[in-house]
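Letter by letter, the chains look like this.
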Amino acid sequence: MLGLAKGLGYTFKKLTEKKVTHFYPDVPFPMPPRFRGIQHFSPEKCIVCNQCARVCPTECIQLTGKPHPDPEKKGKIIDTYDINFEICILCDLCTEVCPTEAIVMTNNFELAAYSRDELYKDLKWLDDNNTNVREEN
Amino acid sequence: MSELLQQAPSLGNTLWFILAAVVLLVILLGFVTYAIYFERKVIGWMQLRIGPNRVGPLGLLQTVADVTKLLIKEDTRPKNADRALFTLAPILAYAPAFGVLAVMPFTESIQFADLGIGLLYYIALSGITVLGVITAGWASNNKYSLIGGLRSAAQMISYEVPLVMSVVGVVLLTGSMNLREIVEAQRDMWNIIPQFLGFAVFIIAAQAELNRTPFDLPEAESELVSGYHVEYSGFRFAMFMLAEYVYMFGMATLITVLFLGGWLPIIPALDFIPGIVWFVLKFSAYVFLQFWLRATMPRMRADTLMSFAWKVLLPVALVNILLTAVIVSYQQGMF
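Those sequence lines, one after another, are chains A and B. Take full-length UniProt numbering: the last position of the first sequence gets the number 137, and nothing is skipped along the way. Take full-length UniProt numbering: the last position of the second sequence gets the number 335, and nothing is skipped along the way.
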């Protein structure tokens, strides 16, 4: 009998206690600083070394370069850069290998879409994805 | 209300009866809607969640959405089910649940029928629901339904005995089975104090009658995949659900009338507050207790269930009757 009253008292006390749930879709959920989210890509830093595409375990990165428009300068600049988020596993290898920090991780993670086509993110989209960029890469 | 019943039947007062019944039904549906909402809210709060909060402001339309979804579902029926009984069962379960409310005095003036044996009427009618449950279990042609239905029948019948026995004390004390007279007899002191033993037995047995935690074995989803209404969906399932919550309404009304002084205020000085407010307050307290218990208690084991009814509750109820009888006869100067 005492246990019963104890249990009822316990649940009653919990009634007004602070809730442990989050208002996630209404209030953004803060991720820890080293969270691996959707990549941010800055085309001006890229040297088209192809290392990210080669290291990618799922081969979800496709990129093409073109000669530098200024004939004085050597090297290439990036032309197209696509990540297929259908298969990207957000493993952080591309950002780790990038010598110029052209591709970095952000804390954004919302990828849900109604169509598979929407998961092909191009250079422009990845460039615009410049919020919550991770501090250390 | 009561004068209408005395008149000769005519088209005019028949329409009045129908109108009054429809009004009660609407109030009842409103109660059921928000009882489910508050049940989910209260349990949510107790589990450190916030409960339904998406549909409508504060989630107030959650139940409305759920019921709408239920009603527009396809009406499925197992191929080998007993067609007539399968259709009859939800009606059999729901009709008495609504019927018992006819004798309930909500205040001095709001009452449908002032029966001399109101209490007996309630107990007799509420026994019929067991038939609905067992019919549902049998007609579904499903072993889980059948086990659930039989379990439910066994439980409801055996807990009805201590339930009735615990009420006998109140009847002895009042000397009447009329619910209105029972309330009037509580002017000096609510029955919960002189009949505390009876109240305790009643509240436990009522919990089992209502098939609610910790006695919700007939609907144990983990062992019976939800018991006698496994095969029911859509509108028919809604009927069972409705019957369950209407019974909660009935039981809350009964317990308020029998033990908590109905529409009477806590102290006579607070008489200026209308009776219906007092009634609703006591009623809500009982309904809250249901939710509270559900958030706290685990389910009872099937083998301890029956022995608890027959070996603990029934003797306690009988002792209560004996004590009350002795005290009442002493007061009347029999020895």
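Treat the hints as calculated values from the structure; they're not laboratory data. All values reported here derive from a predicted model rather than from experimental measurement. Don't take every hint at face value.
[Stated by the list, open to error] Keeping only pairs whose Cα atoms sit at most 25 Å apart, straight-line, the calculated SDA-like set for lysine to any residue is:
#	chain 1	residue 1	chain 2	residue 2
1	B	Lys73	B	Arg49
2	A	Lys13	B	Val316
3	A	Lys121	A	Glu136
4	A	Lys13	B	Gly56
5	A	Lys19	B	Val316
6	A	Lys18	B	Pro57
7	A	Lys19	B	Ser307
8	A	Lys14	B	Pro268
9	A	Lys121	A	Ala53
10	A	Lys6	B	Phe308
11	A	Lys14	B	Lys73
12	A	Lys14	B	Pro57
13	A	Lys74	A	Lys121
14	A	Lys14	B	Ala35
15	A	Lys6	B	Lys73
16	A	Lys13	B	Arg40
17	A	Lys6	B	Glu39
18	A	Lys18	B	Gln62
19	A	Lys14	B	Phe308
20	A	Lys18	B	Lys73
21	A	Lys19	B	Gly56
22	A	Lys14	B	Val316
23	A	Lys6	B	Ile43
24	A	Lys6	B	Val316
25	A	Lys18	B	Phe308
[Said to hold, decoys possible] A few chain A residues that don't get close to chain B, going by computed Cβ distances all over 12 Å:
#	residue
26	Lys13
27	Glu17
28	Glu101
[Stated by the list, open to error] Selected chain A positions facing chain B (Cβ under 10 Å, derived; list incomplete):
#	residue
29	Leu8
30	Thr11
31	Lys14
32	Leu15
33	Val20
34	Thr21
35	Tyr24
36	Val27
37	Phe29
38	Pro30
39	Arg34
40	Cys49
C-beta: ideal position from N, C-alpha, C; glycine also.
Right, here's what the structure says about each hint:
Proposed proximity of lysine 73 of chain B and arginine 49 of chain B is contradicted: the alpha carbons are some 29 Å apart, above 25 Å. Distance check on the hinted pair: lysine 13 of chain A and valine 316 of chain B sit about 31 Å apart at the alpha-carbon level, beyond 25 Å; violated. The hinted pair formed by lysine 121 of chain A and glutamate 136 of chain A meets the criterion: a straight-line CA distance of about 23 Å does not exceed 25 Å. A threshold of 25 Å between alpha carbons decides the hint, and for lysine 13 of chain A with glycine 56 of chain B the separation of about 28 Å lies outside it, so the pair is violated.
For the proposed pair lysine 19 of chain A and valine 316 of chain B, the alpha carbon gap of about 41 Å is over 25 Å, so the pair is violated. About 21 Å separates the Cα atoms of lysine 18 of chain A and proline 57 of chain B, which keeps this hinted pair within 25 Å; it holds. Our distance criterion of 25 Å between C-alpha atoms is broken by lysine 19 of chain A and serine 307 of chain B, whose separation comes to about 40 Å. Under the criterion of a C-alpha separation no larger than 25 Å, the hint pairing lysine 14 of chain A with proline 268 of chain B is inconsistent with the structure, at around 35 Å.
This hinted pair checks out: lysine 121 of chain A and alanine 53 of chain A have alpha carbons roughly 15 Å apart, not beyond 25 Å. A distance of roughly 21 Å separates the Cα atoms of lysine 6 of chain A and phenylalanine 308 of chain B; the hinted pair therefore holds under the 25 Å criterion. Only pairs whose Cα atoms come within 25 Å are accepted, and lysine 14 of chain A paired with lysine 73 of chain B is rejected, the gap being roughly 37 Å. Taken as a hint, the lysine 14 of chain A and proline 57 of chain B pair is honoured in the structure, with Cα atoms around 24 Å apart against an allowance of 25 Å.
Between lysine 74 of chain A and lysine 121 of chain A the CA atoms are separated by roughly 29 Å; this puts the pair beyond 25 Å, and the hint is violated. Pair hint lysine 14 of chain A plus alanine 35 of chain B holds up; C-alpha atoms about 20 Å apart against a cutoff of 25 Å. Of the supplied pair hints, the one linking lysine 6 of chain A and lysine 73 of chain B is violated, its CA atoms being roughly 43 Å apart against a limit of 25 Å. The suggested pairing of lysine 13 of chain A with arginine 40 of chain B holds, with an alpha-carbon distance near 17 Å, which does not exceed 25 Å.
Distance hint between lysine 6 of chain A and glutamate 39 of chain B is fulfilled; the C-alpha atoms sit about 21 Å from each other, no more than 25 Å. As the CA atoms of lysine 18 of chain A and glutamine 62 of chain B are separated by approximately 23 Å, the hinted pair is consistent with the 25 Å bound. With a C-alpha separation of about 30 Å, the suggested pair lysine 14 of chain A and phenylalanine 308 of chain B falls outside the 25 Å cut-off, and the hint is violated. Of the pairs offered as hints, the one joining lysine 18 of chain A and lysine 73 of chain B is violated, with about 38 Å between alpha carbons and a cut-off of 25 Å exceeded.
At most 25 Å may separate the alpha-carbon atoms for a hinted pair to count; lysine 19 of chain A and glycine 56 of chain B meet this at roughly 21 Å. A hinted pair counts as satisfied when its Cα atoms are at most 25 Å apart, and lysine 14 of chain A with valine 316 of chain B does not qualify at roughly 33 Å. Of the supplied pair hints, the one linking lysine 6 of chain A and isoleucine 43 of chain B holds, its CA atoms being roughly 17 Å apart against a limit of 25 Å. Of the supplied pair hints, the one linking lysine 6 of chain A and valine 316 of chain B holds, its CA atoms being roughly 23 Å apart against a limit of 25 Å.
For a cut-off of 25 Å, the pair hint linking lysine 18 of chain A to phenylalanine 308 of chain B is broken: about 38 Å separates their Cα positions. With a closest Cβ-Cβ approach of about 9 Å to chain B, lysine 13 of chain A is found to fall inside the 12 Å limit, against its non-interface label. The beta carbon of glutamate 17 of chain A sits about 6 Å from the closest Cβ of chain B, which is not more than 12 Å, so the claim that it is off the interface is violated. No beta-carbon of chain B comes within 12 Å of the beta-carbon of glutamate 101 of chain A; the shortest separation is about 41 Å.
For leucine 8 of chain A, the suggested interface contact is upheld, since its CB lies about 5 Å from the closest CB of chain B, less than 10 Å. At a threshold of 10 Å, the smallest CB-CB gap from threonine 11 of chain A to chain B is about 5 Å, leaving the interface hint in force. Taking 10 Å as the C-beta cut-off, the interface hint given for lysine 14 of chain A holds, the closest approach to chain B being about 5 Å. At about 5 Å, the closest approach between the beta carbon of leucine 15 of chain A and any beta carbon in chain B falls short of 10 Å, and the interface hint on this residue holds.
Nearest Cβ of chain B to the Cβ of valine 20 of chain A: about 5 Å, under the 10 Å cut. The hint holds. This hint holds: threonine 21 of chain A has a C-beta 5 Å from the nearest C-beta of chain B, less than the 10 Å allowed. Annotation: interface hint on tyrosine 24 of chain A violated; nearest CB of chain B at approximately 12 Å, more than 10 Å. The criterion of a C-beta within 10 Å of any C-beta in chain B is not met by valine 27 of chain A, whose closest approach is roughly 13 Å, and the hint is violated.
Against a cut-off of 10 Å between C-beta atoms, the interface hint on phenylalanine 29 of chain A is violated, since the closest Cβ of chain B lies about 16 Å away. Violation of the interface hint for proline 30 of chain A is found here, the shortest Cβ-Cβ separation to chain B being roughly 19 Å, above the 10 Å cut-off. Interface hint status for arginine 34 of chain A: violated, as the beta-carbon distance to the closest one in chain B is roughly 28 Å, over 10 Å. Because the beta carbon of cysteine 49 of chain A sits about 48 Å from the nearest beta carbon in chain B, more than 10 Å, this interface hint is broken.
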